[in-house]
Amino acid sequence: MSILVVAEHNNQQLSPATLSALSAATQIGDVIDILVVGCDCQIVAEQAAVIPAVNKVIVADNAAYAHFIAENIAPLIAAVADGYSHILATATTTAKNTMPRVAALLDVQAISDISGVVSEDTFKRPIYAGNLIATVQSSDAVKVITVRGTAFDAFANEGGSAPIEVIDQVHDLGISSFVDEQLAQSDRPELTAASIVISGGRGMASGENFDLLYKIADKLGAAVGASRAAVDADFVPNDMQVGQTGKIVAPDLYIAVGISGAIQHLAGMKDSKVIVAINKDEEAPIFSVADYGLSADLFTALPELESKLS
Amino acid sequence: MKALVAIKRVVDYNVKVRANSDNSDVELANVKMSMNPFCEIAVEEAVRLKEKGVVSEIVTVSIGTQQSQEQLRTSLALGADRSILVQVDQPLEPLAVAKCLKAVCDDEKPDLILMGKQAIDGDNNQTGQMLASLLGCAQGTFASDVTVEDGKVAVTREIDGGLQTLSLSLPAVVTSDLRLNKPRYASLPNIMKSKSKPLATVNTDELGIDISPRTKQLGVEPPAQRQAGIMVGDVTQLVDKLKNEAKVIS
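So the protein sequences, as listed, match chains A and B.
Sequential numbering from 1 applies to the first sequence in the numbering used here.
Sequential numbering from 1 applies to the second sequence in the numbering used here.
Be aware that one or more of the hints could be misleading.
Unchecked claim - Listed below are the simulated DSS-like cross-link pairs for lysine-lysine, each with C-alpha atoms no more than 30 Å apart in a straight line:
hint	chain 1	residue 1	chain 2	residue 2
1	B	K182	B	K102
2	A	K308	A	K270
3	B	K52	A	K280
4	B	K247	A	K270
5	A	K270	B	K109
6	B	K182	B	K152
7	B	K241	A	K270
8	B	K216	B	K32
9	A	K280	B	K182
10	B	K152	B	K52
11	B	K16	B	K32
12	B	K247	A	K273
Note that these hints are calculated values from the structure, not bench results.
Just so we're clear, the structure is a prediction, and the values are computed from it rather than from any experiment.
Next comes chain A alone, as it looks inside the complex (with noise of 0.2 Å):
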């Protein structure tokens, strides 16, 4: 039984998601050989290659692969996936667009954002936004996976030395065509990888407010998040977004600020190792799963709280 994980990467770095992936892989089987598809992508190859679980790296290098355009690399991924049992890659947005694209490829039932391995062929997935959880077993020949990152621990990327092996085929469907993009730039941490997120809602009252929520993050090395009521409300762009629908986190520390804590947010931040919230309604749900909760105006707390950060 082997297993081709697919890297996500930005032509430069090779994202720690990887590592979500490559971390459920090792509970299915030992034979985990890794794919790289981008353009001028080598370097991620060579990242990738001194992961120790790897055992193969396969690079697929074009023009074509270049803004992970799904039309274009799922039919390379279906290529190589002949011969593997399972095909992985982590839940973002690259992956949810491309992986069912594969399966369909391939004939195959995708089985969407795992949060638990059982066997090889059965796995724990969450549904109605993470309400329950459901045990799928597939039947079909090739399992194509994606993986919830925060529910699989990242593991050594460091110390290995995989051979990195090049193929030169080339899928161009020609259907599809990059315009532009209109990347977040920060020099906080990345949400996902932050081991602190604070994150604003509703209560925050506008964008302008958010200014405090950075303040603190500055102080703490944390990355900023917001509910989807303030991302509605047009407080903050879409990609800061916390919630099933949004990005999933699970930092050591969450602070919920002026949220009042919809199963929608919850879904996203509730695995986070300590939550805290504050909000003047002591009723909220969000204090139903918070450790330390604070019924007060955030207005007030807030500038408290960073003066009292050294």
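Put chain B on the given structure of chain A with help from the hints.
Quick look at chain B alone, frame taken from chain A:
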């Protein structure tokens, strides 16, 4: 230009679901059912494109039990022209749903296929991508903006780092994210009018599709519950607890 919108009947988003008595599945008896919220957004987008004169006909399709007619009628009240129900008696997996939709698309030949990015029951986020794959056509998933021009559709997508815009050849499959639009409510006159709009029913045998399941649900269980926490009196106490008890800040 013809738009086809796929919609799904699901447990209403306000319902707090729980496992049934033998933990084999979600308890669905006497539970309120509605159109999947992401599908409502897809219907709304099609209606807006028709109002702009870009789309000339909207066909809505659902793959489900006879009761899915309710959600198709809702789509007709919101502005769709006609509906097709592919009637099945058991819930289908995304791959089988995509195969049903592929068969309908082969027949209807829509230029633009709109659907929700995921249904809020299974949270699979697969069907649109699978349909695009089976059709061999372009896909624009997690859309926050859709613009049709010069025989192409420009789709702005919500991705992990921000936004990405792609230009897709038609036909294309576009799946809606939350911020594509805010769906309208159906007016009473439109609800009345919807009752006389055409709604055709076909079954999977007529479409010649293999819908046999590839996975088996062995059971469902509630997620692990968190231990109840404590309320602190003020910010000073909070900082003290985080430093000295939880030891998550220094």
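Okay, the hints, checked on the actual structure:
1. B:K182 x B:K102: Given that 30 Å is the threshold and the Cα spacing comes to 28 Å, the pair holds.
2. A:K308 x A:K270: 26 Å, holds
3. B:K52 x A:K280: 45 Å, violated
4. B:K247 x A:K270: Holds, at about 19 Å.
5. A:K270 x B:K109: Status violated; Cα separation ~44 Å.
6. B:K182 x B:K152: Holds, at about 24 Å.
7. B:K241 x A:K270: 19 Å, holds
8. B:K216 x B:K32: 25 Å, holds
9. A:K280 x B:K182: Holds, at roughly 29 Å.
10. B:K152 x B:K52: 16 Å, holds
11. B:K16 x B:K32: 10 Å, holds
12. B:K247 x A:K273: Status holds; Cα separation ~11 Å.
When held up to the earlier numbered hints, the structure conflicts with 3, 5 and fits the remainder.
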